[in-house]
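Undergrad: Listed here are the chains, written in short residue letters.
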Amino acid sequence: MSDLLYSEEEEALRAAVRDLLADHCDAPGVIARTESDTPHDLAAWKALADGMGLAGLLVPEDKGGQGASHREAAVVLEELGRAVAPVPYLTSAVVATEALLACDADDLLAELASGRRIGALAVALNIAPGGAYKVVRHEGGALHGELTAVADVQAADVLLVPADDGGLYAVDASAVTVTPQIPFDLTRPLATVTLDGTRGRLLGDAETAVHRALRAGAGLLASEQLGLADWTLTETVRYLKERKQFNRPVGGFQALKHRLAQLWLEVVNLRAAARNAADALATGEDTDVAVAVAQAYAASVAVHAAEEALQLHAGIGMTWEHPVHLYLKRAKADSIAYGTAGAHRARLAELVDLQAP
Amino acid sequence: MTDAAELKRRTAELLAAHPPASTDRLDFLKARFDAGLAWVHYPEGLGGLNAPRSLQAVVDAELEAAGAPDNDPRRNGIGLGMAAPTILKYGTEEQKQRYLRPLWVGEEIWCQLFSEPGAGSDLAALGTRAVRQDDGDWVVNGQKVWTSGAHNSRWAILIARTDPDVPKHAGITYFICDMADPGVDVRPLRQITGEAEFNEVFLTDVRIPDDRRLGEVGDGWRVAQTTLNNERVAIGGMRLPREGGMIGPVSRTWRERPELRTQDLHQRLLKLWVDSEVARLTAERLRQQLVAGQPGPEGAGMKLGFARLNQEISGLEVELRGEEGLLYDDWTMRRPELVDFTGRDAGYRYLRSKGNSIEGGTSEVLLNIVAERVLGLPAEPRTDKDVAWKDLAR
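The listed protein sequences derive, respectively, from chains A and B.
Residue numbers for the first sequence follow the working numbering, so the first one is 1 and each next one is one higher.
Residue numbers for the second sequence follow the working numbering, so the first one is 1001 and each next one is one higher.
It is possible that part of the hints are untrue.
To be verified - Incomplete in silico selection of chain A near chain B, CB under 7 Å:
| no. | residue |
| --- | --- |
| 1 | 251 |
| 2 | 261 |
| 3 | 268 |
| 4 | 293 |
| 5 | 345 |
| 6 | 354 |
As the list claims (entries may be wrong) - List of simulated lysine to aspartate or glutamate pairs, EDC-like, C-alpha gap at most 20 Å:
| no. | chain 1 | residue 1 | chain 2 | residue 2 |
| --- | --- | --- | --- | --- |
| 7 | B | 1271 | A | 288 |
| 8 | B | 1271 | B | 1319 |
| 9 | B | 1089 | B | 1211 |
| 10 | B | 1390 | B | 1219 |
| 11 | A | 244 | B | 1372 |
| 12 | B | 1271 | A | 350 |
| 13 | B | 1008 | B | 1060 |
| 14 | B | 1030 | B | 1044 |
| 15 | A | 244 | B | 1380 |
| 16 | A | 46 | A | 157 |
| 17 | B | 1271 | A | 353 |
| 18 | B | 1096 | B | 1211 |
| 19 | A | 241 | B | 1372 |
| 20 | B | 1271 | B | 1243 |
| 21 | A | 241 | B | 1380 |
| 22 | A | 63 | A | 106 |
| 23 | B | 1008 | B | 1062 |
| 24 | B | 1008 | B | 1064 |
| 25 | B | 1030 | B | 1064 |
| 26 | B | 1096 | B | 1107 |
Just so you know, these hints were derived from the structure itself, not from any lab.
Built from N, CA and C at the ideal position, the CB exists for glycine as well.
Use the sequences and the hints to build the structure in full.
TA: And the structure:
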């Protein structure tokens, strides 16, 4: 049975990341950044990756990383979710890194692990592990094509691009055209990538690498969703203890108490599911089922928590100045990222032999 | 400190002295109790060795591997889960010696005389009266309801009002009631399922000696909190395999009967399968926290989740069975010793699980507990707090 608790080291890591994000990613700052030319907080990224060495958690020490595991990366993602931090951690330190771990590309892996360079897997953010993804044309030693809805690519130095010959290619970001799209979730920017005879370096088999990358992304996304849901619940409870209407704290009305208690139960459940997925990714046992279960469960909880937070904050919750909209947008986008709950349930139907009619 | 190795050694000694194959079941259980291997965290002489609670699993695994009989904990759930910890905490030395051993081995079954027709969720409003006599004994009159297993029980834990002139929580005292007393009248209460697993219990001039009082006079509400808190702990402590709960039978039916499958049922089944697996993981996480000595508040919500799941899954299962879902296995009024969800059909499970959100604290009360004690939200306004029980609206 997997270890569903947090170790003392993991709690210390959480505290350190939370401290750092309190300095870098306060809500007004994150809101202001969404309307600036630099949607990513690269100072926060540098502090996390370079300062704390967290970009290399999943990379073995002999390949230039920290030799930690998905359990620790999950704790980092919980805190990033709590802050809706605009840093390319999930996309570079988890997804791109996992793709490289599946290939023989130690130099790139070491660069990503050090945080000196940022990587992005050039697959649309909504693709589920095992799902069909778009590839570019490999012709005459060069790559041609257009890929859309690629996350965090504006911050990336290197793109990992799947091609129609079955290979995964490393492409320098400066060699492609990156056109920002207007994202629903302003804290995780999306872009179109156009390759027009771009030279790439063959890394390995795309299918294996993409599957491994998306599975880890989906599994650890649940921890980001947990952090997000936990923040919205905590903040809503705090607000409802203070906010008075009808000469009482609003949080004393039973109709609202029951909704918050129900939400708390969902968050408790999500914590167990997310820990289980992180542990399964770390140990390699029961991984497919654990990831599918976590992703089939997580989206509805995160969206529900954010929607309740908005409704229970009422008027102020509907404003641009209050951060709850950042959480709702992230939660709703996360419900599509790395596969919808429905896609993961369909996968589960095969894994646990509950076949469709 | 008793460690795992010491417990293994003692378990091996017990098995050597009382080989399960050639020892009478009850004799073996008594020997196990006397060896301190019944509940290892209890004190020596009372079935335990003052060992960490988590090490019980070590003993249980060794005994199971040796094919030793267990004490069929489901049969005496209230005794083991609720009466025993309350007796341990509030009982006199004589009471502990008298009651715990036959309780643990299952010779004496216990039930719980708490709920009343006029006091369900508002348990402290109870009206069953216990009046002190000149010789110090108590005479009890009143009616209790929804008493599981009263028809099989030797003893009951009972709360009764001993002072109607003070606010409701202050005037309650906790007793051990002899179910064999002629003033105790147990009547089956036939339920929605057709069977009578519960009872009404009428108490008419039941005489309870003062040495069967648990805790101080008027302190019964505090004593009852120990009972009720343990009721909730017991629910979170189970370790289930995947598909170990109600999702198991319906998943098996789905696999074995492809002709019953529809798209709509498939989507609902998958969602409930995920919810069941997640609830199982939450229970496992709570168990790991208890073992690690860092109990979390998760237990307060577990029962809420399982109640909803059981109801939704069994509802789905009735629909899945199509024509068979129109039928019911047996409406005969029976008096089961324990609730058996797996031995009956889907229709039974559907109806019985409706009780899961009512028994042991309604879902509404549990949501209030989570909101107030876990999330720290303001309590409901209390209009009954400083009012004597006899002056409350009824």
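Undergrad: Against which earlier hints does the structure fall short, listed by number upward?
TA: Hints that this structure does not satisfy do not exist here, as all of them hold.
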